[in-house]
Amino acid sequence: MTAPADSRQRILDRIQAATQSVAKNPASLANAYAELPRGYVRHGSLSAEARLELMVKRLREYDAEVVETTPQELASTIASQLAASEKHTVVAPPGLPADWFAVGFNWKIDRSLTAAEIEQVEGVVTAAACGVADSGTIVLHHSSTEGRRVLTLLPDWHLCILRASQVVETLPEYFDRCSQPPALATYISGPSATADIEMTRIKGVHGPRFLHVILVHDEG
Amino acid sequence: MSHVVPNLVNLDPRTAPPFPQAALPMLRNPQLRKNVGHAIDVIQSKRAKLVAEKTDWQELRSAAADIRMHVLENLGSYLEQFEANCTAAGGAVHWAADAEEARHIILDLLRQENASEVIKIKTMTSAEIQLNPFLEASGVRAYETDLAEIILQLGEGEPSHIVVPALHVNRSQVREIFARRMGLKDLSDDPQALTNAARHYLRQKFLTIPTAISGANFLCAETGSVSVVESEGNGRMCLTLPRAMITLAGIEKVVPRFQDLEVMLQLLARSATGERMNPYTSLWTGVTPGDGPQRFHVVLLDNGRSSMLAHPKQRQTLKCIRCAACMNACPVYRQTGGHAYGSVYPGPIGAILTPQLMQMHHAQSLPYASSLCGACYEVCPVKINIPEVLLELRAQVTDIERKTFSRFLDPMYLGLRIANLLFARAWTFHLAQWFGRIGLSLFTRKDGWIHSLPSMGGKWTQTRDLRGLPGQNFHEWWAARRKEAK
Amino acid sequence: MRASLFITCYNDTLYPETGRAVVRLLERLGVDLDFAPQQTCCGQMHANTGFRCEAFSQAKRFIRLYQDAETVVIPSSSCVAMIRDQYPGLVAELGNQELRQQFEALVPRVFELSEFLIDRLGVEDVGAYFPHRVTYHASCHGVRALHLGDRPWRLMAKVRGLDQVPLQNIDRCCGFGGTFSVKNAEVSSAMLAVKLQDVVATGAEYCTALDNSCLMHLGGAMHRQYAGMKTIHLAQILASTEDCPAEATL
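Taken in order, these protein sequences are the chains called A, B and C. Number 194 in this note's numbering belongs to position 194 of the first sequence; there are no gaps in the numbering. Here this note's numbering = 1-based position in the second sequence + 220. Here this note's numbering = 1-based position in the third sequence + 706.
One chain only, chain A, in its complex shape (with noise of 0.2 Å):
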């Protein structure tokens, strides 16, 4: 068997062998990338009120209970939100915003939580990155706000709290808001879902069941 050092230039000897007469080289590559048309739709044209209608829209569309609350109201509505749900156990990311701690609930900050612990939870409350309207995506880069991607994925009731000044129409612009790439993300566009068994959809195989989202009009 070859050595990995032989591996990798052998198969990179050979793209280039067959790429020499279309590839650029390394200066005209940045030039060749940025020359790509594209000429899809990247702005959305809704108006903001538009805009959040449709993510709400998309949300309900997919089973997520969306409630809609001021930023004075948000922490009786993360209250109501978990009574009504009836979950007492709850862990938080660290960096979750003090007053979101509503009082009356056993709320566990992870702190380096085992997986077996976040097992024994009801549910977990976190912030969002961003929301795209047009699919009905809450993204998730798993700030101190965000938490570890385990804290979202385990429990089976997710309250995620998503501003309206952070809801953007469509996907592009999603990404035009990352200043840089993040180094982790996940896209929840739905509750876990499969079709395998004759097309039919059922709905919560792995990761949260009960998805809730309050939307919080912090426009101006």
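Keep in mind that the hints were calculated from the coordinates and are not lab data. Accuracy of the hints is not assured; some may be wrong.
[As the list claims (entries may be wrong)] Partial selection, computed: residues in chain A whose CB lies under 8 Å from chain B:
| id | residue |
| --- | --- |
| 1 | 102 |
| 2 | 103 |
| 3 | 149 |
| 4 | 181 |
| 5 | 183 |
| 6 | 185 |
Even glycine gets a Cβ: it sits at the ideal position worked out from N, Cα and C.
Following the hints, complete the assembly by docking chains B and C onto the known chain A.
Below, chains B and C without anything else, positioned relative to chain A:
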């Protein structure tokens, strides 16, 4: 050609029966054809609706086609970029020239982890290199975690579709498999109950098996990130909970920059499952302290891909983003299902990819497994001109045949060679028409139709009649008319 | 308006009535039609089966034969697709500059029948009379290679007495595919069975199309199965008048 109906599914292109033969079990199974047709109709109608609503669909296709071709033309640079960035972020990149090497690299990595078990996210690339049986034989048990893949693994079946691999299995068959292999005697055949059984079965595995293997939908050169697209959440489980992670990816999976995902992600879910976006898409870069696997490896697989790059017309095959829209649109696949293609890659993309990965030594019947209707090209999100590649591969297969003695025993070969000579001059063509008319009149019944022909003609008359050759053909009529006019 | 008819090898041999109909139709519309008797085949069958060198020689012959034609009309969308889509590659590979120039000058002058009527003659009402229930099958090459669009419908809409019945899954392949029908006879037959179900379900008397290849396939099964339907090329419908009704194909 033998009419023995093969009853064992064989997805190894080196030994699978030729397509016309391999298709027979499915053609003889109306229930299965109906199931496949139904599944395809569901995805097709969802896709059509979403494509109609996306006003910039064609522009997205163009951009994706351009980006992917640009990558392939500069694949060396982009792979090196990916490797550098992934390594800088704490990942380790390995290069496998072929399937055997890839298997050994992966096994070595698993041994480094003292792994006797591994959880897997569905990746066709691992089926391509026949990884699971190899690991099993080497003492490592691999557990598939996609629902369809579990159905197939526990039921010892083979995938028949890229996106919905267990398309051909109905609910009572799934119930039987789960009841037997999971020890659930009272399991019903309700899809919800079956799914719950799978969820429960896998939960412990996710929480306790510390090593995982995944594929990749996209490798991002700019950042060294990997992206995986899924519906069920088993991917997120495998990417997040284990201590060590191995991602196996074909070298062609690269996109230049993170931003290019804005094009790919808009096309992929709509094409694959008829959704605006699939439920979960994950992106990760090397190793992130405190979050997810702390040891991460990427195994880049060549296995015939680099030789495909050399041919301008064939290079486009590697643009594929594995959405399976082509097989959903294909009228041939609709009747034959995936197993007929004798490869882990079925359908139109399989018909061009498989023979090329085999360097044209095997799967030579696959380029002919098409009526060239073009429906696949119409739906391909990255604009692979599949008919054009099929024609190119047919020419290569024919050129191989030209060098074999058996060509003299092939009526199609002889017929076409002779036809070419006859078409070269008007008088030979007309003479052939005259002889043909006389010859075929022997088979023409009183009603003017031919019901049965020998040899190759018999393949037509198996199921179709042929109208007898008219007593006066067109050019004779024209000549007679001219004469009359004078 | 002068035009040269390329009848196609299979129409010449198997469906001369389609050729006769094209002549009747175009002459009725005032076209000065000629027919080059040396014509044979466009090379599609060979090119599509992998016999490229053989296709080269047929392509060369076609190009040379029609280099001085004002317009070439072809009642077969698959042959026109061959000329537009595959000839460029064949010609480039041959590397003959003169041939390439001849081809590039010729290709804009090649028309499929419905294209010729609508785009070149600018007519939709060709004065046809065909009082029958008809369903139209959209051949793959016509739809996806030539992008014929609504041309056939615009022509059929003006045929007096024609009762058009829509076909489900209209642009799903009938399964012919040239040599595919023989090399993959069983699969081709399965596709044909499914297509025929849709065609027969229309309850039409005739199935029409712009390609006799598809109609040979569908018609062959119809006859075998006593399906109670016939096939007829659209040219024959368009040529049909009260005085001179279309010759029935079956």
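Results of checking the hints against the structure:
The closest approach between the C-beta of residue 102 (chain A) and any C-beta of chain B is roughly 26 Å, which is over the 8 Å cut-off, so the hint fails. Interface restraint check for residue 103 (chain A): the shortest CB-CB distance to chain B comes to about 29 Å, outside 8 Å, so the restraint is violated. Among the interface hints, the one on residue 149 (chain A) holds; its C-beta lies about 5 Å from the nearest C-beta in chain B, closer than the 8 Å criterion. Satisfaction of the interface hint for residue 181 (chain A) is found here, the shortest Cβ-Cβ separation to chain B being roughly 4 Å, below the 8 Å cut-off.
A cut of 8 Å between beta carbons decides the hint on residue 183 (chain A): the least distance to chain B is about 4 Å, and the hint holds. Interface restraint check for residue 185 (chain A): the shortest CB-CB distance to chain B comes to about 4 Å, inside 8 Å, so the restraint holds.
Hints 1 and 2 from the earlier list are contradicted by this structure; the remaining hints agree with it.
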